[in-house]
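Participant: Listed below are the residues making up each chain.
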Amino acid sequence: MIAPEHEADIQAAVAEAAATHGHWRIAGGGTQTGLEGGHDVLSLAAHRGIVFHAPKELVVRARAGTPLAEVEAALSAEGQHLIAEPPDLRALLATSGEPTLGGAVATNLSGPRRVHGGAMRDHVLGLRFVTGEGKVFRAGGRVLKNVTGLDLCKLLTGSRGLLGAITEITLKVLPAPERVGTVAIAGLGPAAAVRAMAAGLRSPFAVSAAAHIAPGAGHPRGLTAMRIEDFAASVAYRCDRLRGMLAEHGTAEIFSDHDSRSFWRQVRDVAPLAGLGPAIWRVTLRPSAAATVAARVEAAGGTWMMDGGGAVLFVAGEPALAGARGDGETWVALKGEPVPFPERPEMSRVRAVLDPHHVFAAS
Amino acid sequence: MIRQPEPKQDVLDRREAIVAGLRGILPDDAVIAAPLELKPYETDGLSAYRQPPLAVVLPRSTEEVAAVMRLLSREGVRVIPRGAGTSLSGGALPMADAVVIALARMNRILEIDETDRFAVVEAGVTNLAITEAVKGRGFFYAPDPSSQLACMIGGNVAMNSGGAHCLRYGVTSNNVLGLRAVTVEGEIITIGGKYPDAAPTDWLGLVVGSEGQLLVVTEVIVRILPLPEGARAMLAGFRSNEVAGACVDAIISSGIIPVALEFMDRPAIHACEAFAHAGYPLDAEAMLIIEVEGSEAEQDALLERIRAICERFDPVSMRVSQTPEESAAIWKGRKGAFGAVGRISPDYMCMDGTIPTSRLAEVLGRIRQMSAEYGLEVANIFHAGDGNLHPLVMFDANDPESQQRAEAFGADILRLCVEVGGCLTGEHGVGVEKRDLMGEQFEPEELALQRRIKGAFDPGWLLNPAKVFPLVDA
Ligand SMILES: Cc1cc2nc3c(=O)[nH]c(=O)nc-3n(C[C@H](O)[C@H](O)[C@H](O)COP(=O)(O)OP(=O)(O)OC[C@H]3O[C@@H](n4cnc5c(N)ncnc54)[C@H](O)[C@@H]3O)c2cc1C
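Read top to bottom, the protein sequences are chains A and B.
Numbering (the working numbering) for the first sequence: 1 to 363.
Numbering (the working numbering) for the second sequence: 1001 to 1474.
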């Protein structure tokens, strides 16, 4: 493994691989190395540091290796936060190391707020990246609205180091909420939970997260929870209205700010599934299909947790569980063998443009 | 007019055969080739540029689009996808040897799902029609360009359009889950799906905003959001652009993200007031329209906080609307701003750069200076929260010299946006209008990379060519 401090050295390492039929596996802090991969590691962890934070412009720029914790602390000092709420997956994946901003962007990591505020890809305003030819390119910029040319920011975000090595990221950020509240119902089955979450998510109360923890995964009776984040008075008002609105689904309790924050941190980090499987997937799907898929996973011996009102299903179990996947479901392995996904020819040609010598090719 | 590539002579020579071929695969009423009937398609919202196409087709289904694309790619014919033709950057401007594929007849809403909160609509459905279709069930489609009555979702996807409420709800790209589209070879493909993050790699994000360069979009799966309990606006007038800009900073710093935060300078205030009689402060140098959402009590609380912040900046006037009618009146002037400027000047050019919001006062100062130098009036409207600036440069299209000056002035404004750390276009797209300015923002190598990505989808450069990227032989 090498971990260059400067972009020029990252660039040189890639250029050399391109010239010599070499390969690199791009890594950040190494916390998501639950994925298989044979090649030498080019770590971006030493290319770090916040370049600037302009709180009034809702923008922060940092190098890829900057620890997420450092970015979060800088934002927090100005009362702001990362909108996509990227998780810390170390406990879930049984890895060590320091989660980096670059790793979060390269995997389009997003947490419970995904359903309301979007994923990382929705907030990346600009990138610098090194292509497989060892050239540095810029995409986007530092302003909140920009449609100039093709949107390579979105293409690179979530490309898992297979289209380029992202070296610097400019992100949109937002004020952190003054108060966090949670309305939670215990004892619902998966189908009832999805119905309750759908009711919450279609309410006018700006529900910012909706998760269901199955009885098998940490909670004795199963818990269906929805979050509201805003100024204190709004949170109190909306939690109360939401609880009333959900009465037909079950009796709800309201969590305090403190309890809400720690509960959603657990959900964010998928803590209920930690230690439950040699393989772990993040499955995206239609909420209306979530209960059926959860039942299928359970029948095949897996454990699950729902996020995004059922639009995200975390699945833990034996590697063979991937065989249980069906149409209309997107399985992405967080740990274990990558799940193949068919690719259109024009998209393979885009890959060839960005990485003609297969420097970043998956092993 | 901007330089366009020479039409392909062999295509012009085969015009009749190509039209006959199109008539062979589409019903008669779906192929337009008579010169008079081509007239409505010769331009878009950038009406200074005009060029009738070779023919226009009006397909009714994805399959028809695919059949047309198979024929045209085989014949090597250029293709211009078109929605409502409201593009302000000349994105839908035809070429003499090109066939326009107008999606207007693909205007069906195919599916609405309240549980999974999406709608599937054909590319020719208007932006407003989506919200109209889901409103009764308590939903709306968030991006709201001022042209929303006319512009179509296919055009919105192509341009990644924004609106006054995108500070809170994002632009088109943040609100689209999937697409059905036709490749240049005429193959039907789907990208994304009926739920977020449906594809592990974000091809969807690449295609949205690609200005018709990569695919012809025929269906769009959009995210629909629950309507808020209510919304209300206030307005505040200030003594200078600087002070109004500082007030915007203070609002954002207080942790409030209003759903809309619009800025108008003195010329814009006067033009809009003369038009809408909205009670705008004529003695103010700059004015903000600020909108919040929530229950009555939540609106009251937020507006009270914002009022207190504005108070610190010595406002010349302030009005918090008490009723939805008053809010509508406040918005009427802003929403009619382009029309209002149209009434005081025979013609205007609407620019669309984005700047870091901290540079607002400086940029407006320099625009004013340039306005004096060029001898042309300019009114500035600004999505203040996100830095998207719309200077409206007034000129007289009957006077070619005035038009040339306006174009030069507009280009200087966009150069200035790039110089201060912003970009050429925040929401209207590059189109043909800003094509030759791309070199101001991108290095030649960066443009070459983008061109190669376009080429990966469209190796023969048949899809909406001569837009977005400067001509290579130039
Ligand atoms: C008065 C006025 C106000 C406006 N306000 C706003 C605003 O607030 N915010 C904003 O963002 N824009 C605004 N616009 C600009 C314009 O309305 C948007 O760019 C809109 O999205 C264009 O949609 P359209 O259907 O008219 O597309 P067209 O103008 O027909 O086409 C626009 C581009 O999209 C391509 N295209 C169209 N359909 C397809 C398809 N199905 N597949 C592939 N490519 C396609 C075309 O080739 C062209 O490049 C305004 C325009 C006007 C005239």
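Just so you know, these hints were derived from the structure itself, not from any lab.
For every residue, glycine included, the Cβ atom is placed at its ideal position computed from N, Cα and C.
Hints are supplied without guarantee of correctness; some may be wrong.
[As the list claims (entries may be wrong)] Label pairs and their in silico Cβ distance ranges: (1) A:73 <-> B:1113: 55 to 65 Å; (2) B:1096 <-> A:3: 54 to 64 Å; (3) B:1138 <-> A:233: 15 to 25 Å.
[As the list claims (entries may be wrong)] Straight-line Cα separation of at most 20 Å, SDA-like style, residue types lysine to any residue; simulated pairs: (4) A:135 <-> B:1008; (5) A:56 <-> B:1169; (6) A:56 <-> A:80; (7) B:1335 <-> B:1443; (8) A:135 <-> B:1439; (9) B:1039 <-> B:1012; (10) A:135 <-> B:1452; (11) A:56 <-> B:1128; (12) A:56 <-> B:1359; (13) A:56 <-> B:1170; (14) B:1332 <-> B:1313; (15) A:56 <-> B:1165; (16) A:56 <-> B:1109; (17) A:56 <-> B:1307; (18) A:56 <-> B:1243; (19) A:56 <-> A:77; (20) A:56 <-> B:1227; (21) B:1008 <-> B:1025; (22) A:135 <-> B:1170; (23) A:135 <-> B:1446; (24) B:1135 <-> A:203; (25) A:56 <-> B:1313; (26) A:56 <-> B:1305; (27) B:1135 <-> B:1250; (28) A:56 <-> B:1135; (29) A:56 <-> B:1320; (30) B:1135 <-> B:1096.
Participant: Decide, hint by hint, whether the structure agrees.
Facilitator: Here is how each hint holds up against the structure:
1. A:73 <-> B:1113: 55 to 65 Å: violated (41 Å)
2. B:1096 <-> A:3: 54 to 64 Å: holds (56 Å)
3. B:1138 <-> A:233: 15 to 25 Å: The hinted range 15 to 25 Å holds for residue 1138 of chain B and residue 233 of chain A, with Cβ atoms some 24 Å apart.
4. A:135 <-> B:1008: Answer violated: residue 135 of chain A to residue 1008 of chain B is near 35 Å, above 20 Å.
5. A:56 <-> B:1169: holds (19 Å)
6. A:56 <-> A:80: Answer holds: residue 56 of chain A to residue 80 of chain A is near 10 Å, not above 20 Å.
7. B:1335 <-> B:1443: Roughly 36 Å between the alpha carbons, so the hint for residue 1335 of chain B and residue 1443 of chain B is violated.
8. A:135 <-> B:1439: holds (19 Å)
9. B:1039 <-> B:1012: The hint holds at about 18 Å.
10. A:135 <-> B:1452: holds (15 Å)
11. A:56 <-> B:1128: Answer violated: residue 56 of chain A to residue 1128 of chain B is near 32 Å, above 20 Å.
12. A:56 <-> B:1359: Cα-Cα ~11 Å, so holds.
13. A:56 <-> B:1170: Since the Cα atoms of residue 56 of chain A and residue 1170 of chain B sit roughly 18 Å apart, the hinted pair holds (cutoff 20 Å).
14. B:1332 <-> B:1313: violated (25 Å)
15. A:56 <-> B:1165: Within the cut-off at roughly 18 Å; holds.
16. A:56 <-> B:1109: Violated, at roughly 40 Å.
17. A:56 <-> B:1307: holds (19 Å)
18. A:56 <-> B:1243: Roughly 15 Å separates the two Cα atoms, so the pair holds.
19. A:56 <-> A:77: Given that 20 Å is the threshold and the Cα spacing comes to 13 Å, the pair holds.
20. A:56 <-> B:1227: violated (28 Å)
21. B:1008 <-> B:1025: Violated: residue 1008 of chain B and residue 1025 of chain B sit about 23 Å apart, past 20 Å.
22. A:135 <-> B:1170: violated (31 Å)
23. A:135 <-> B:1446: With Cα atoms ~10 Å apart, residue 135 of chain A and residue 1446 of chain B stay inside 20 Å; holds.
24. B:1135 <-> A:203: holds (13 Å)
25. A:56 <-> B:1313: holds (17 Å)
26. A:56 <-> B:1305: The hint holds at about 17 Å.
27. B:1135 <-> B:1250: The hint is violated at about 34 Å.
28. A:56 <-> B:1135: violated (34 Å)
29. A:56 <-> B:1320: Between residue 56 of chain A and residue 1320 of chain B the Cα gap is close to 24 Å, so the pair fails against 20 Å, i.e. violated.
30. B:1135 <-> B:1096: violated (42 Å)
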